[in-house]
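Residue-level listing of the chains:
2 protein chains.
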Amino acid sequence: MTVICLPDELSRHWLTDSASADTVLVWDGVGAPPAGIEQVEFLVPPYRGGAWSTAVLAQLPALRLIQLLTAGTDPWIEVTPAGVLLCRGGGLHGSSTAELAVTGLLMHWLSMPILFSQQTAHRWQRVGRETSTGKRVLIVGAGDIGSHVARVLRALGCVVSLVGRTARDGVLPAADLLGLVPDHDALVVSTPLTAQTIGLVDAELLALLPDRAVVVNVARGPIVVTADLLAELRSARLRAVLDVTDPEPLPPGHPLWSAPGLILTPHVGGGAIGWMDRAGALVRDQLRRFQQGEPLTNLVGPIRTEAAGPTVNA
Amino acid sequence: MTVICLPDELSRHWLTDSASADTVLVWDGVGAPPAGIEQVEFLVPPYRGGAWSTAVLAQLPALRLIQLLTAGTDPWIEVTPAGVLLCRGGGLHGSSTAELAVTGLLMHWLSMPILFSQQTAHRWQRVGRETSTGKRVLIVGAGDIGSHVARVLRALGCVVSLVGRTARDGVLPAADLLGLVPDHDALVVSTPLTAQTIGLVDAELLALLPDRAVVVNVARGPIVVTADLLAELRSARLRAVLDVTDPEPLPPGHPLWSAPGLILTPHVGGGAIGWMDRAGALVRDQLRRFQQGEPLTNLVGPIRTEAAGPTVNA
Numbered sequence: 001m002t003v004i005c006l007p008d009e010l011s012r013h014w015l016t017d018s019a020s021a022d023t024v025l026v027w028d029g030v031g032a033p034p035a036g037i038e039q040v041e042f043l044v045p046p047y048r049g050g051a052w053s054t055a056v057l058a059q060l061p062a063l064r065l066i067q068l069l070t071a072g073t074d075p076w077i078e079v080t081p082a083g084v085l086l087c088r089g090g091g092l093h094g095s096s097t098a099e100l101a102v103t104g105l106l107m108h109w110l111s112m113p114i115l116f117s118q119q120t121a122h123r124w125q126r127v128g129r130e131t132s133t134g135k136r137v138l139i140v141g142a143g144d145i146g147s148h149v150a151r152v153l154r155a156l157g158c159v160v161s162l163v164g165r166t167a168r169d170g171v172l173p174a175a176d177l178l179g180l181v182p183d184h185d186a187l188v189v190s191t192p193l194t195a196q197t198i199g200l201v202d203a204e205l206l207a208l209l210p211d212r213a214v215v216v217n218v219a220r221g222p223i224v225v226t227a228d229l230l231a232e233l234r235s236a237r238l239r240a241v242l243d244v245t246d247p248e249p250l251p252p253g254h255p256l257w258s259a260p261g262l263i264l265t266p267h268v269g270g271g272a273i274g275w276m277d278r279a280g281a282l283v284r285d286q287l288r289r290f291q292q293g294e295p296l297t298n299l300v301g302p303i304r305t306e307a308a309g310p311t312v313n314a
Numbered sequence: 001m002t003v004i005c006l007p008d009e010l011s012r013h014w015l016t017d018s019a020s021a022d023t024v025l026v027w028d029g030v031g032a033p034p035a036g037i038e039q040v041e042f043l044v045p046p047y048r049g050g051a052w053s054t055a056v057l058a059q060l061p062a063l064r065l066i067q068l069l070t071a072g073t074d075p076w077i078e079v080t081p082a083g084v085l086l087c088r089g090g091g092l093h094g095s096s097t098a099e100l101a102v103t104g105l106l107m108h109w110l111s112m113p114i115l116f117s118q119q120t121a122h123r124w125q126r127v128g129r130e131t132s133t134g135k136r137v138l139i140v141g142a143g144d145i146g147s148h149v150a151r152v153l154r155a156l157g158c159v160v161s162l163v164g165r166t167a168r169d170g171v172l173p174a175a176d177l178l179g180l181v182p183d184h185d186a187l188v189v190s191t192p193l194t195a196q197t198i199g200l201v202d203a204e205l206l207a208l209l210p211d212r213a214v215v216v217n218v219a220r221g222p223i224v225v226t227a228d229l230l231a232e233l234r235s236a237r238l239r240a241v242l243d244v245t246d247p248e249p250l251p252p253g254h255p256l257w258s259a260p261g262l263i264l265t266p267h268v269g270g271g272a273i274g275w276m277d278r279a280g281a282l283v284r285d286q287l288r289r290f291q292q293g294e295p296l297t298n299l300v301g302p303i304r305t306e307a308a309g310p311t312v313n314a
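Chains A and B, in that order, are what the protein sequence lines are. Residue numbers for the first sequence follow this note's numbering, so the first one is 1 and each next one is one higher. Residue numbers for the second sequence follow this note's numbering, so the first one is 1 and each next one is one higher.
In isolation and in its complexed conformation, chain A is listed as follows (with noise of 0.2 Å):
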């Protein structure tokens, strides 16, 4: 028997065709938790809302396991007691993550926010507009988004080029990321929040683009500088797609909201109808694994050690 902690009395269905005899706890971190939290092993934290505190998590003891339904793992490397394992929401949103990027280039390429206000103000004008044929994109992060970016992509009749951590078939290696850029008309950015990408695109790499290349965020808002890719956009050298910022929510009166050339959402990349039936199957699928000892999907690690310090893995 586990004791399983599950975010919301909606998602109480992905376990009821389950024949184990689980104890179904529902809590999202928030108020007091439910009885017999001390005994949860299993927890799926809210997709909403971020990490929990170290304090929070300080009431279930006998945890070991903590499934996401995000597919980054950023603000919980941080908060992750020692010995528990993490796991990622690898699948869930990787396919609307990435046909939104798809859809920013699109809408940029085919001049979309001048014709969106056009229609607006009721006026039929022919306007200037590109193509995706023969453009060329960088996408950074070769996960579960970049590839499907890549595969859309080339559909359109894009060159892509991919680059990831490493260098495997047909994928580059990050280290040569700042001689790919010049060669390239647009950058996905769809690595997950680390260390190494907090930051990564700056003033240096941006300056590097062409002229109107359009800069596509999907992954998380401080891996580009904010301030560097404002001022290619208020110079109208570049455009851009940012679905999630930094800071985020974007507050009232940041300047990224009158920043030309900007196709701007409220991080809506995951959340897409039916990513919840998706999320079921793959808790269901862990938990089955938990139990019987087989191979975790998507474990990022034990993020500490019970003897050690910080093992940092992401």
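Errors might be hidden in some of the hints.
Copies of the same chain look alike in the list, so a pair counts if it works inside one copy or between any two.
As the list claims (entries may be wrong) - Here are the simulated SDA-like cross-link-like pairs (lysine to any residue), alpha carbons at most 20 Å apart as the crow flies:
hint: 1; residue 1: Lys135; residue 2: Ala155
hint: 2; residue 1: Lys135; residue 2: Ala175
hint: 3; residue 1: Lys135; residue 2: Gly91
hint: 4; residue 1: Lys135; residue 2: Met276
hint: 5; residue 1: Lys135; residue 2: Ala32
hint: 6; residue 1: Lys135; residue 2: Ser235
hint: 7; residue 1: Lys135; residue 2: Gly261
hint: 8; residue 1: Lys135; residue 2: Arg165
If you're looking for bench data, these hints aren't it; they were derived computationally from the structure.
Following the hints, position chain B against chain A.
Coordinates of chain B only, in the frame set by chain A:
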């Protein structure tokens, strides 16, 4: 030697590399014709502006071939003189028109009209969104545009059905159309305007689509019955993407301007940056075929023979 009439000065460079001793005139069909117009055998009319009148064409008695720069031939069917070959601009605008159809679908599924309004209002607020994964899309017209739309949508995870005039591998026959409609979340119209397709998308067909389905027209306005689509948009049962309208251009005050759930663009499917290079290659190739007696490409046919009346083929 062939006397050729090109649409504008810019297009002259299409034939400058040609080693032939052809005579090239430039005329757009408006105003006084240039000297020698009566000797023109090979005519390339301007991309924009529609068909020339019978009276204008009567000034080209030596005419043997009209090479259009448009995908559609509809306005030329009526005026092409007897015995003259009519060729369409196949492959010039297919990919850019297809990507407009895909962009429109993605924009609806990702709630982009709402998100765009929120950005304009400087408001960060998550909204529900759909995803292309698993969406069932019915494409009417299995030519250049339709096949390209199908390829990209499949890469996005959609389930695609293609309908053409006649059944062939991967293409369902037009006779099946009404039976297929209820099982699809989107309908993309990419078929030529002919006697068979005028008014094809009417109240009866629209009523068969499920709630919230998206109707996309990137072909020609009169294929969709405007009043019937408008009724479905006003009741918020269906959504639409129109790059072509009936009437076109859409006049000020027309009810489509303020129809809810509509993404409206001013016929910008074709004419994307780069199409002129493809047009040059097509014209050079067609001229060579014409002069060497090889089979022509994109031949719609002689619309009328010298002896008999109209032989419409579109």
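Hint by hint, here is what the structure shows:
Within a single copy, Lys135 and Ala155 get their C-alpha atoms as close as 12 Å, and across copies as close as 17 Å, so both meet the 20 Å cut-off. With identical chains, the CA atoms of Lys135 and Ala175 are never at most 20 Å apart, being 23 Å at best within one copy and 39 Å at best between copies. In this homomeric assembly, Lys135 and Gly91 come within 20 Å of each other (Cα to Cα) only across copies, at 18 Å, whereas the closest approach inside a single copy is 27 Å. Taking identical chains as interchangeable, the C-alpha atoms of Lys135 and Met276 lie at most 20 Å apart only when they sit on different chains, with a minimum of 17 Å there against 34 Å within one chain.
Neither within a single protomer nor between protomers do Lys135 and Ala32 lie at most 20 Å apart by alpha-carbon distance, with minima of 54 Å and 41 Å respectively. In the homo-oligomer, the alpha carbons of Lys135 and Ser235 never lie at most 20 Å apart, since the shortest distance is 23 Å inside one protomer and 40 Å across protomers. Taking identical chains as interchangeable, the C-alpha atoms of Lys135 and Gly261 lie at most 20 Å apart only when both belong to the same chain, with a minimum of 18 Å there against 30 Å between chains. For the identical chains of this complex, Lys135 and Arg165 are neighbours neither inside a copy (24 Å) nor across copies (33 Å), given an alpha-carbon limit of 20 Å.
Hint compliance for this structure: hints 2, 5, 6 and 8 are not met, and every other hint is.
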